[in-house]
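Asker: Chains as they are written, first to last, in this note's numbering: chain A, 9 to 543; chain B, 83 to 424; chain C, 185 to 513; chain D, 53 to 349.
Be aware that one or more of the hints could be misleading.
Here are the simulated DSS-like pairs of lysine-lysine, each with C-alpha atoms no more than 30 Å apart in a straight line [what the hints assert, rightly or not]:
(1) Lys225(A) x Lys258(B)
(2) Lys208(B) x Lys347(D)
(3) Lys239(D) x Lys209(B)
(4) Lys409(A) x Lys337(A)
(5) Lys202(C) x Lys347(D)
(6) Lys322(C) x Lys209(B)
(7) Lys208(B) x Lys225(A)
(8) Lys79(D) x Lys209(B)
(9) Lys326(C) x Lys215(C)
(10) Lys285(A) x Lys225(A)
(11) Lys409(A) x Lys225(A)
(12) Lys202(C) x Lys215(C)
(13) Lys285(A) x Lys525(A)
(14) Lys209(B) x Lys542(A)
(15) Lys247(A) x Lys327(A)
(16) Lys225(A) x Lys308(A)
(17) Lys208(B) x Lys542(A)
(18) Lys157(B) x Lys267(D)
(19) Lys268(C) x Lys330(C)
(20) Lys202(C) x Lys208(B)
(21) Lys258(B) x Lys539(A)
(22) Lys245(A) x Lys208(B)
(23) Lys208(B) x Lys267(D)
(24) Lys276(B) x Lys525(A)
(25) Lys268(C) x Lys208(B)
(26) Lys38(A) x Lys258(B)
(27) Lys344(D) x Lys202(C)
(28) Lys245(A) x Lys209(B)
(29) Lys208(B) x Lys234(D)
(30) Lys234(D) x Lys209(B)
(31) Lys247(A) x Lys276(B)
(32) Lys493(A) x Lys525(A)
(33) Lys208(B) x Lys247(A)
(34) Lys234(D) x Lys428(C)
(35) Lys202(C) x Lys234(D)
(36) Lys209(B) x Lys268(C)
(37) Lys157(B) x Lys38(A)
(38) Lys344(D) x Lys209(B)
(39) Lys234(D) x Lys267(D)
None of these hints come from the bench; they were simulated from the model.
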Amino acid sequence: MNKGQLILSLIVTVLLVSCDSGNSTSLSAKSIIYCSEGSPASFNPQTITSGTSIDATSNQLYDRLLSFNPGDNDIKPALAKSWHVTRDGKMITFYLRKNVEFHQTEYFTPTRTFNADDVLFSFNRILDQNHEFNSVAGVQYPFFQSVNFSSLVYEVEKINEYTVRFKLNHSDSSFLSNLASDYSVIISAEYGKQLSQINLHHNIDLLPIGTGPFKLKEYRAGSFIRYYPHENYWREKVKIEQLIFDITPSNTSRLTKLLTGACDVIAYPIATEQIQKYSNLTLDAVTSLNVGYLGFNTQKPPFDNKLVRKAIAFAINKKAIIETIYAGKADMAKSILPKSSWAYDDSASEQVYSVETARILLHEAGYPNGFTMNIWAMPVQRAYNPDALTMAKLIQADLQKIGITVKIISGYEWEVFLNMVRLGEHQSVLLGWSADHPDPDNFLTPILSCDSAGKGSNNTQWCNKDFDQLLKDALQTANINQRKKYYAQALAIVAEEVPLLPIAHSKRYQARSTDVKGKLLNAFGGIDFRKVSKN
Amino acid sequence: MLTFTLRRINLLLITIFLLTLVSFSLNFLFPGDPLVNLSGRINPTPEQLLILSEQYQHNANFFIQYWTYLQHIFKGELGVSMASRLPINSEIINLLPATIELSMTALIIAMCIGIPIGFIAAINHKKITDNIILTIAMLGYSVPVFWLALVAILVFSIQLNWLPSAGQISLLYEIKHVTGIQFIDILLSDSEYKWQAFQNASSHIILPACVVALAPGTLFIRLARTAMLDVLETGYIRAAKAKGLSFTQIIYRHAIRNALINVIRHVGLQFANLMTLAMVTEVIFNWPGIGRWLIESIYQRDYTAIQAGLLVLSSFIFIVHILTDFIYAALNPLARDSKHGT
Amino acid sequence: MNLLDIRNLSIELQTTNKSILAVDHVSLSMKEGEVRGLVGESGSGKSLLAQAIIGVLDERWHVHADRFHWRGKDLLRLSPEERKSIISQDVAMIFQEPMSCLDPTTTIGEQLAEAVDTEQLSGYFWQKNQQRKSAAIKLLHKVGIKHHDQCIKSYPHQLTEALCQRVMIAMALAKRPMLLIADEPTAAMETTNQGQIFRLLASLNQLKNMSILLISHDLENVTHWTNNITVMYSGQFVEAGTTKQIFTEPYHPYTRALLDSSPKANIELSAKSRLTTLPGSIPILQHLPIGCRLGPRCPRAQQACVKAPKVINYHGHQVSCHFSLKDTY
Amino acid sequence: MARNRIYQEEEFPSPLVQSWHYFRQNKVVMFGFGSFVFLFLLAIFSPVLTPYSSFENNLDHLLVPPAWDVNGDVSFLLGTDNLGRDMLSRLMHGASLTFGLSFVVVIISLLIGVFIGSISALTTGIKSIFLNHFLDVILSIPSLLLAIIIVAILGPGLGNTLWAIVLVLIPQFVHITKNAVKDEFSKDYVLASRLDGANSFRILSYSIFPNIIEKIIRQATLAQSAAILDIAALGFLGLGAPIPLPEWGAMLSNGLDLFYIAPWTVYLPGLAILFSVVATNLVGEGMRHALKQSKEN
């Protein structure tokens, strides 16, 4: 009877499950599963800004010419052995490392090692509008656009096989930091040539080839990424045999997976106090330069009116938000810049919470009876905003007091969300910014400059010429005190115009099983699995 | 049997026709421009729209549009997903097998456990066993499935640490995607960890499948109980008793078969219910199936995906429906010959 | 010796709040080779009585009897299992609607083969299937079905009602029973088929000396085929005697009324006159009158009828009535 | 001749009263019925009864566990959620959203469904074939999926969810009414009144509806338990009630992130849903049983 067979096979299955042999532990001992919070939009950090994509790609697949020293955030050599900056700051020469191998994968086999051609290819793709890879599949370079890279760099010149020179139009004090940031990765010119021959240009961002410690084995959209170690990596060899990104957008699922051992490391854990109670788990925290803010779409009414924005700024109880959302562990943001930035200005006046002032301002703005607005709450956890939805609910309750009805919009997938916000679908949005390098310019330029409005990371669509000019001036001087002054002025404009309301600066958290050894989090940019190991 | 088959195939065709009609009309019902929805892009270029308009005969009359839509469907072109920018048919081919795997396992669990329990309840009619079984059944189909899933995870994954809480298989195992049905793929693969992978996949399916199976299982208990009670009251059971067959003989030879046939008639209807549960369960258990994908598509307002998902899922349910009809007919001589299908 | 001897058998229906005496102290006896008719209106408890004899009532029904002897053995002293095995060995029953008494999902052949007694077969187990099959075919021949091949492969719904009844009889014959209980075997049949079935039963009685208890609501029809008749009304025993006694000299007013209501039996009936009938109808189980249940309808009822009458035996002609018609003849 | 009444006087109560008589006998069913009435009253009067506002954030009392916990606070009997809102008040308010609205939904779909169903039972030919197939198709689509599609068309939100569920439930009522009416129509008493010259409408309203009303009520209880589960499921998936509303499913999904710190935010709404569905099912079950019994006798 076939029912009997069914029952029998079920029993066999159950038996098989129960007598789990020890062999699988050896497999898990050689692998790291990282539960990430979202899918990468692209495998090339040049083309993205989202931290999720950076986490998944930048440090794993690629190297940059320069890197940051983990201790003091100084710039140190990476693919460039050394470099030289002319006195006027307009010419920078990089001397490249030899015998650096690119990934060998199912889709590409390199015939030569890394050289100046790769550097030229990587940067000309961004700089040269007519480069064949410039607008493959409609990509943009939001980070580079936001720092105005193409108007800064006049030319990238190949001196010899292992020497390149960047010629700048004007000096820029954040230039080296930008090259050390997660976005300025080096991709393979040879791979580009191969793709252009078979006319599959768009694969350059989907099937990545880099020099980094891992290479892509398999990616299933929305599900997982599997990396294998790069056998011929130029630095210290990787100690694990597999690195898997398990894409788990749900906060609870990530924690559950950590607790059940399905993940070794998870991004942005919830219930952090709870995690500390488990002896086999550790909670890592790293001070990260970031800001979480409520951005207004200054192109859409009623937020084209400065007074409305100000009214809302007064109406929001930031202290309650810090207590509720960050469990009191974050700094309340006075301005965009966090305390740890050298340009931080303590003397700036603090935004006070005053429902009365808010009402008056709203009255002045011509909305005595309030209005209806939407808040787009980011769907993922980030250090600067661990729970945007709840934050939106708090703001909803706050604004109710001054007669504003808030609709909360959430549920979009992260990349779609960013895309929609970039297109200006929102009226206001809860977002934030994590610095890619310690230079204060990396805060102000990407999120508020005219150049990044609408295409980069400036989601307020705000464009203020005076503000932009101050930022430009600050970049062209190397004098720290002078720069501080410029930034203070710029921040004063922001405080007056309120294109966004900074809310908090917080640490970045991560939880992992105690089996996992090695440093994973950097102060800047994404997670790094290069040195990780497991017992 | 031939007429029966023809009738069923006829029914299937009509239903699929109606389904495509419903799905096609969604084009006009969904918010936004149908062409933009089809393009799979949030802001498609005018050239792309022009090409699409050409492809789907967008300026022609309703019938021609529908005809082109049908042609596209039969070519397997279901459009491009707005969220992932991948062609939807390839996504569905990737995801549907996982859903089939989960729902079929759940169906088997529900039937293998629910039906015998229902029979036991019927045999012990109006005794304590019957009452206990009925109470459990009542609770079983009242539990909201998402809550049950959460509690199951908390108990079996977190506290007891018996079973994994998410996914189809531990990602440690690298199994090549061939059929999409994990167990078959594992058997086809040549990984050295094949058997560990098999065990791992089995342990992963138990919890979600049981969660999905609970409500249909309890319904099967009730169906089987009623069917068995009805059968036990029939003349042929009395005749069999008069023949001198023992109680167990009667149950095994006559009662079970007849009661089972009546239960199987309802399996098709239950399957739609089961799929609903599977959709929600997939979300909670991170099961890489079509239900989770469909719900995420709604978050993304990915209308093309919703449309295609609806079409594929309902056709699948209907095909299962028809298949159970065939099984019913194969088991029941009465249904085979009747001129008018049930 | 009596084949079957039952004294004062009662059947009670247990419902949630009360119990209903559906069959009230009925006695019945059968001799070997006898064909006895059990007659009464629908709902008079004939089928219940038959099912109680064969032991197929479910647990809602409670059966008591003062005496229940089968071929001299007191069945009441045996355990239910032993009783069941004896009864099922020697007694067979065919039911009212043959179609519904055959498993619709099993072929006739299988059901017949199942009824064949294992003890009648010799040989090894692999031969048994074949033997069962040939036994089944023989049984079909016995009941006059010649095209056994087709019949064996058929499902019940593919056969006619009369054929099904033959199959039922064949099945009943499989055990070679001493007693065959036929519960309205021709209930829903054409007259021609009815005749066939009755003739088949009669020939079985003559050739195999098989006793038959023929249950029917049609007194007049039964008289052609039976030696003796027992009449029941509303779960109570009314009258028993030879067919001739019952037909010509009924002692009980009810039997009289039954005969009077039949035009054939009532030979003196003048043309175009009314048939005599009893007023009212058979009471429903929930509201049974006390004492003689015919009381409210009986033309001869008197005060004494509120007590149940005793059975009086006049040379084998038993009647249960306070005011029997014996003296009127 | 004056006849004595020999049988006890038979009192034949109307079918509904008779069913109620049988219904009342089962204690478990009566418990379910009591709970049902309780929920119904709660749904109506919850705005008056709630001890706190179910929207107001109380940031001084975040995640207070239920009163029986060591850290619990008696003034928040069932604890508070991550915004300091009283769980008890929210659950009570949720009763009028999840349970109360499901009731409204069922009533609306019942009226529409019975209307269409009785009309379609009277039609024959190609129209009825088309309708049959169309119903089959709709019934073969899982109700939640269908509701999801309709929500996708109308856009998320509580009102749209309700319309979606109404639309999903209608075919079930149409189906059951149509079959019941057709069954009744083939019975002899209908033929008799037809021979008396009654028209179809009259037969429907005077002869058929009183006889099928119980079937429809039973279907309504089934539909209501399905509606509760669907409203909650859509709320859980974030497609139903908008954010501050304490719909039970939405509350549950809100509690999801607090699963490990504040499990009561997940348990309590789940139990509330379970309780209301069990109560509804018990009522339906009792009704089915009562119907069966009154038919048997």
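Asker: Could you run down the list of hints and mark each one as holding or not?
Answerer: So, going through the hints one by one against the coordinates:
no.	hint	result
1	Lys225(A) x Lys258(B)	12 Å, holds
2	Lys208(B) x Lys347(D)	19 Å, holds
3	Lys239(D) x Lys209(B)	37 Å, violated
4	Lys409(A) x Lys337(A)	27 Å, holds
5	Lys202(C) x Lys347(D)	18 Å, holds
6	Lys322(C) x Lys209(B)	44 Å, violated
7	Lys208(B) x Lys225(A)	61 Å, violated
8	Lys79(D) x Lys209(B)	17 Å, holds
9	Lys326(C) x Lys215(C)	24 Å, holds
10	Lys285(A) x Lys225(A)	36 Å, violated
11	Lys409(A) x Lys225(A)	53 Å, violated
12	Lys202(C) x Lys215(C)	37 Å, violated
13	Lys285(A) x Lys525(A)	19 Å, holds
14	Lys209(B) x Lys542(A)	58 Å, violated
15	Lys247(A) x Lys327(A)	45 Å, violated
16	Lys225(A) x Lys308(A)	44 Å, violated
17	Lys208(B) x Lys542(A)	60 Å, violated
18	Lys157(B) x Lys267(D)	46 Å, violated
19	Lys268(C) x Lys330(C)	33 Å, violated
20	Lys202(C) x Lys208(B)	17 Å, holds
21	Lys258(B) x Lys539(A)	29 Å, holds
22	Lys245(A) x Lys208(B)	71 Å, violated
23	Lys208(B) x Lys267(D)	24 Å, holds
24	Lys276(B) x Lys525(A)	29 Å, holds
25	Lys268(C) x Lys208(B)	24 Å, holds
26	Lys38(A) x Lys258(B)	20 Å, holds
27	Lys344(D) x Lys202(C)	19 Å, holds
28	Lys245(A) x Lys209(B)	70 Å, violated
29	Lys208(B) x Lys234(D)	34 Å, violated
30	Lys234(D) x Lys209(B)	37 Å, violated
31	Lys247(A) x Lys276(B)	24 Å, holds
32	Lys493(A) x Lys525(A)	43 Å, violated
33	Lys208(B) x Lys247(A)	66 Å, violated
34	Lys234(D) x Lys428(C)	52 Å, violated
35	Lys202(C) x Lys234(D)	37 Å, violated
36	Lys209(B) x Lys268(C)	24 Å, holds
37	Lys157(B) x Lys38(A)	44 Å, violated
38	Lys344(D) x Lys209(B)	19 Å, holds
39	Lys234(D) x Lys267(D)	13 Å, holds
Comparing the model with each earlier hint shows violations of hints 3, 6, 7, 10, 11, 12, 14, 15, 16, 17, 18, 19, 22, 28, 29, 30, 32, 33, 34, 35, 37; every other hint is respected.
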